[in-house]
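Use these hints to put chain B onto chain A, whose structure you have.
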Amino acid sequence: MSTAAVIDLRALPTPAEQQPERGRHLRALPAIAPRRAPRLVHGIVGLVGLAGIIVAQLGLSVAISESAYRLSALQGESTALARTEQTLAEEIAVLSSPQHVAVAAAELGMLAGQPSQFLTLADTATAGGPDALHMQVPAVDAFGMHVPNALLSEIPQAAVRPHPGMLLPAGQTATGTADRSADQPTPGSLLPTPAGE
Amino acid sequence: MGLKRNRSRNRVRTMLVAVLTFALLATFVVRLADIQLVRAEALNAEADGRRGVSQTIFGTRGPIVDAAGTVLAESVDRWDLTVSPQYTRDLVPEVDGVATALTGGEALERIAAITGDDPLDLEAMILAELERDPDSDYLLLASGLTAAQYEAVRDLGLPYVYLRLNPQRVYPAGSVAGNLVGFMGQSEALAGVERSEEDCLAAEDGTRTFDRGADGTPIPGSMVTDPAVDGGSVQLTIDADVQFQAQQLTAQYTSQLQARSGTTVIMRTDGTLVAVAESSTVDPNDPTASDQRDRGSRAFTAAYEPGSIFKTFSFAAMVDLGLVDPSDELSVPWVYTAPGARVRDAKSHEVMQWTAAGVLVNSSNSGMSRLAEDMDRADYYDYLYGFGFGEQTAIGFAGEQSGVLHDPASLDPQTNLTVLFGQGISATPIQLASAYQAIANGGEHLPARLIASCTASDGTVTTTPAGDPQRVVSESSARQTLEVLEHVVTDYGYDTFPIEGYRIAAKTGTAQMAYEDGSGYDPSRMMISVSGVFPVDDPQFVVLTLFDSPQTVRTSGGAIPAFHDMVNLLIRHYDIPPSTTPASDVPLEWTAGE
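Quick note, the sequences are listed as chains A and B, same order. Under my numbering, the residue at position 50 of the first sequence is numbered 50, and the numbers go up by one with no gaps. Under my numbering, the residue at position 497 of the second sequence is numbered 497, and the numbers go up by one with no gaps.
None of these hints come from the bench; they were simulated from the model. The beta carbon of each residue, even a glycine, is placed where N, CA and C say it ideally should be. Do not rely on the hints blindly, as some may be mistaken.
Which residues of chain A face chain B? A few of them, derived with a C-beta cut under 10 angstroms, are [said to hold, decoys possible]: (1) L26; (2) H42; (3) Q57; (4) T87; (5) V137.
Derived list of chain A stretches under chain B, where covered just means 3 residues or more per stretch with a C-beta under 8 angstroms from a C-beta of chain B [as the list claims (entries may be wrong)]: (6) 62 to 69; (7) 90 to 96.
Pulled out of the complex, with its shape left as it was, chain A reads as follows (with noise of 0.2 angstroms):
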């Protein structure tokens, strides 16, 4: 209760102090103006506008994860073709090999060339190159190839396609030409169908 008195004792004298001045002051508050009422349009600009912002972000994301399926079947593409390229460099490599091509040449028929001649500017002989070897023995005897390659043996050996001109043997004609092409494959049958790997 003192607490109360103490209070109240201060209170006392404010009211009394502010009373006079009250009655000067009173003044009417000014009128509110009517607040208007929110225009339809403001709702639809902000209702179309979030709608294309949620429209143009689904359309980017989907043409996000599109591209990814896109990018992820040429990736796929991409490593098959690299398979087909290596591959095809690797046969290439084999049968460029020295001694399929010495092989090939012997199989043809082919000898080894005549050396150069050199033509001397002191007089109008020419000087020849160097005389035969001592060796004249066939790259490919009973054994096998004086110089393996193992990679040979797993390649078939190409029949000689016969060529307009060539030598044949006895009671051969130049058929197989046509057998031959069965065996390249038809033009895009070595494009491999992508896939996702």
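Leaving out everything else, chain B in the frame of chain A:
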């Protein structure tokens, strides 16, 4: 009073909202810290495990190519076919999404048809694995599948089959330079350049990590790639065409002579090797098919006592020291004796009136001993070191030997003489060719070279330096020595030796081979050899050819046709024009009173 109560109620409410808000905020902060900091690692790992994929990107081991770029060794993609034995089963259309039912046996038959195996073998392997462990998830059925086989197996769409990339090494030229290129074991290089150039050839594998969607497609933006670094490409100084032809000739002569082995070294005058042909040579595609001894390169790893082809260096040293002039006149008996030593010529002959040149051309041991009477052996050995004997060549081939040069001060009287003609010292064929290179190059020795360059995957080229030329003998001494050796080709008595129009210098040798236990010389084993330089007027090539233990012709004459054919082959291949200067006319014999 009512106003007061209202106010304090407001305050309480505000406090309540603030406390609640802070409590909520605090909960979120704690949770955030917990997820982001405390359990971050575990959660990340779990997330990665759910959708993250980590793939190894295999770097490709670099190729080995010859001087012209012909591929001698390269890496190709191959696949291992593995299966999960416990899930090997018959496939049903409704469950496995296959068009028609496929029994396990049929699947194995199809696999076998692709890989070329026996389907029953494959089945037996699977059953054996299941016997061992019924829950087994891994069995290697076939390895080394090519791209075509890989695609065929993949198109079978078997859910229990997994194809694993396992790059392999192939050698398209087979045994062409197989002795030099070497080969790979399961995981590491075992021989040759594959081994010695590992630093250049080796690739670094990379990784690719990404998050994948339900169907395995990488989620955009999640890909992190640590690219693989491919190995560099090693270019050799070898010419694969010449190497092939030299190898073929060496093999043919080896079989004609019924020799244990044959070796031919062809070197350019600048010290680069054109061919190192050996018979037999390993085919690196299938090293196990070769005898253990054939899997390396004898030219580098088999030092031997070279015999008479070594006289060239003694002669050049003596000419350079000013002790001998090629036209010096001597009377040469067939036996030479000195205190504690006695050397004989290969055949007995009466006392010959040979010049110093005649002594070398006729390969007289006795005459050489006589010529070298005034030569300090320490000086001689200085020349031998200059020519590159007694130490590995600059090539540093895997397993290369350095040969043996004893201390000249400790030689016994007999060896003191025999070192003049290549006994009591040993050298590899490469060292011998490299020493002839110094004579061919006007007396300047250049380090032998096999590796031309290493091209890293980023295009940086590291060329093997040519090395500093070391003058061994003077230009005039080298020229005089070559001019004397020219007479070996023309006047040694073999019409299979010379090639008309070309000035060729060469020295023959028939070396004795020591027993492997070192108990003296094996009378049934000879090493016949010819080493030479051509064209003498403008030296371009050094050729050394040697055959171990020939049976049909057992003297150096057996190697002469092979040497002739090697020179012939080089002339044809490189279109070397005939010599335009006349052959030397240094006298080989003399008559009293002239």
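Outcome of the hint check:
1. L26: This interface hint is violated because 20 angstroms lies over the 10 angstroms limit.
2. H42: violated (31 angstroms)
3. Q57: violated (14 angstroms)
4. T87: holds (5 angstroms)
5. V137: holds (5 angstroms)
6. 62 to 69: holds (count 5)
7. 90 to 96: Since three or more residues must qualify, the claim that chain B covers the region 90 to 96 of chain A holds, with 4 doing so at under 8 angstroms.
In this structure, the earlier hints numbered 1, 2 and 3 are contradicted, and the remaining ones agree with it.
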